[in-house]
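Knowing the structure of chain A, use the given hints to seat chain B on it.
In the order they appear, the protein sequences are chains A and B. Residue 136 in my numbering is what sits at position 136 of the first sequence, and the numbering runs on without skipping anything. Residue 45 in my numbering is what sits at position 45 of the second sequence, and the numbering runs on without skipping anything.
None of these hints come from the bench; they were simulated from the model. Any given hint could turn out to be false.
[Unchecked claim] Which bits of chain B does chain A cover? Going by a derived footprint, with three or more residues having C-beta under 8 Å, they are:
hint, region
1, 23-35
2, 41-51
3, 138-149
4, 153-166
5, 228-236
6, 270-280
[As the list claims (entries may be wrong)] Using C-beta positions, here's what the derived DEER-type ranges look like:
hint, chain 1, residue 1, chain 2, residue 2, range
7, A, T209, B, R151, 54 to 60 Å
8, B, L94, A, G58, 43 to 49 Å
9, A, G264, B, D156, 16 to 22 Å
10, A, G58, B, P87, 49 to 55 Å
11, B, V98, A, I278, 34 to 40 Å
12, B, V43, A, A66, 40 to 46 Å
Backbone N, C-alpha and C define an ideal beta-carbon position, used for all residues, glycine too.
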Amino acid sequence: MAIRHPRRRRSNRSPIAASLFLLPKTLLFTAFVLVPFVYTFVLVFQRGTLLRGFTFVGADNIVALARDSLFWLTLRNTLVYILVSVPLNIIVPLSIALLISTPIRGMRVYRSLIYIPSLLSIAATGLIWKVLIDPDIGPLYKLTNQVLGLHLPYLSRGTFAIVFVALIGVWSGLGFYSIIFMAGLNDIPEDLYEAASIDGATGFRAFRTITLPLLKPVMQIVLVLVTIAAIQVFDIIYVMTQGGPGTSTYTVMWYIYQNVFGGGSIGYAAAMGVLVLIVSLVISGFYLRVTRTEGSTYE
Amino acid sequence: MSSTKVLPVSTTSVAQAGDRSPNPRLVRQRVTTHVLAILVSAVCTAPVLIVLIASLKPLSSFSSLSLTSGGWTLHNYTKLLTGDQLPRWVFNSLVVCVAVTALTVVIDLLAGFAFAKLKFRGRGVLFLLFISTLMLPFSITLVPTYLLVARYGMVDTYLGLILPLLSGPLGVYLMRQFIKGIPDALLEAARIDGASLPRIFLQIVAPLCAQPVAVLTVFTFVSTWNTFLWPLLIAQSDSMKTLTVGIATSNLQFEQDLGSTTAQAILSLVPMLILFVAFQRFFLRGITAGAFKG
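Only chain A is shown next, with the shape it has when bound in the complex:
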């Protein structure tokens, strides 16, 4: 092994060794990401169910999708979810991060407590909130609808239910995302604030001119993560509404699930999957453009 003098100059160039190290990951990646990814685009043009075979149907699935009013409803619901969830998933964790990165005694306890919702599975989160807002026994329902007289419909009316479920999503993610923001805040060099305060920029002005621009890389990552999560929201819909009442809280992912496992068409579900991909690519591209035009001040 040691007698490889001619190779010493380019000692790290070792394609065979590299491929052995990469083999397990590459195999798994190929089998469960790459092949399925390509396969989706084949399925889009097919019709069939899990039990019977598939036949080529051309663009039928896409045409049917465009005419399917339930599909447009799922798009609308998903959009509502995104519009509520994405901004709040930035604003709330960022505010909390600003709060919990102040160095006062006991802050570590607060940080731990705030992380608790992120430790819960969505299944448990959904159950907890369903208990809280149950019209018969829920303490939160009693508080808002009997004591305060607000008559919130909670899960009984479609759009309100989507918004409410999105809020619970924010609750369940705020621990995780505020820790990410906190790490970003801690990376901002202290002297910047000192320099700024000499120039008279403190408080909100320092936040706007220093914190926000320097937080941009973290912001981008969180933005992409929460958007991808929002586009394919499923777990919480499953636990809290099951798409109901009626079909009023169907989201795209829920509809895909219904098609595959409610005995619907696989190709139809694949077509929706592709559409979700296109939507998320458009949104990602939009984010990239927006953040690029302002110029990068960091790194």
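Below, chain B without anything else, positioned relative to chain A:
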């Protein structure tokens, strides 16, 4: 632990000497911070606490959830833990979590090392291909992955539950970033001493990676424990369900047994809570430090 970057007002010299100074503005600021932090903590924990209390009450179906009366009982928990369903689900979750976590760490450490320290054609492209799937919605591959897994007869098996969860890109990224920081000279010295690549990997690189391995372990374990959609599709018989799937599918009509439902929600939190308390620094620092730097 952290510094005063956040409230720039307090970064002046007053804050440095501020521990005992009676500066009223500073005191007011500190009190405000405490009050706000307590409020946020309450919003985060109160729902869990209420459900915890409900789970410790002897409630029958459709009774009102009163938190103050009725005495305390562990009945809801003992009933669940001595039944056959819940322990089975916990067992399944543990099998899947341990397998996925252990395999992910090994596989991603190997791949991360190759991407960080070995030169080969197509390295950049392959890495980019891996990483770009961080932004790939699962919905696009869900249907065909299910079809493939079904074709290989892996529906309702542990293999079917575990294998697709090993294809995520995060661990490779995390490991590569860390291993890149290990000086080349160290590896070169070992090579000159006659160490083979596998030995360099096992005896030098792997031991240095304790920190990112811990981070990836905690992160993978938690996200696997909580993962829902994939096991929902694959675990079709009751005895193959993981805990989250079991809880979600059996409690859609929770009014029938509120005590059982609330106890299940709390029970599913317990392992994560233990992990969190034991490895808190990896949760609160590690996850972000390595994985999420732009």
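Verification of the supplied hints:
1. 23-35: With 3 residues close enough to chain A, the hint holds.
2. 41-51: Per the Cβ count (8), the hint holds.
3. 138-149: holds (count 11)
4. 153-166: holds (count 3)
5. 228-236: The restraint on the region 228-236 of chain B holds, since 4 of its residues have a Cβ under 8 Å from chain A and three suffice.
6. 270-280: With 4 residues in contact (Cβ-Cβ under 8 Å with chain A), the coverage given for the region 270-280 of chain B holds.
7. T209(A) - R151(B): 54 to 60 Å: holds, 57 Å
8. L94(B) - G58(A): 43 to 49 Å: Given a distance of about 47 Å, which is inside 43 to 49 Å, the answer is holds.
9. G264(A) - D156(B): 16 to 22 Å: Since the Cβ atoms of G264(A) and D156(B) sit about 21 Å apart, the hinted range of 16 to 22 Å holds.
10. G58(A) - P87(B): 49 to 55 Å: At roughly 51 Å between Cβ atoms, P87(B) and G58(A) fall inside 49 to 55 Å, so the hint holds.
11. V98(B) - I278(A): 34 to 40 Å: holds, 38 Å
12. V43(B) - A66(A): 40 to 46 Å: At roughly 43 Å between Cβ atoms, A66(A) and V43(B) fall inside 40 to 46 Å, so the hint holds.
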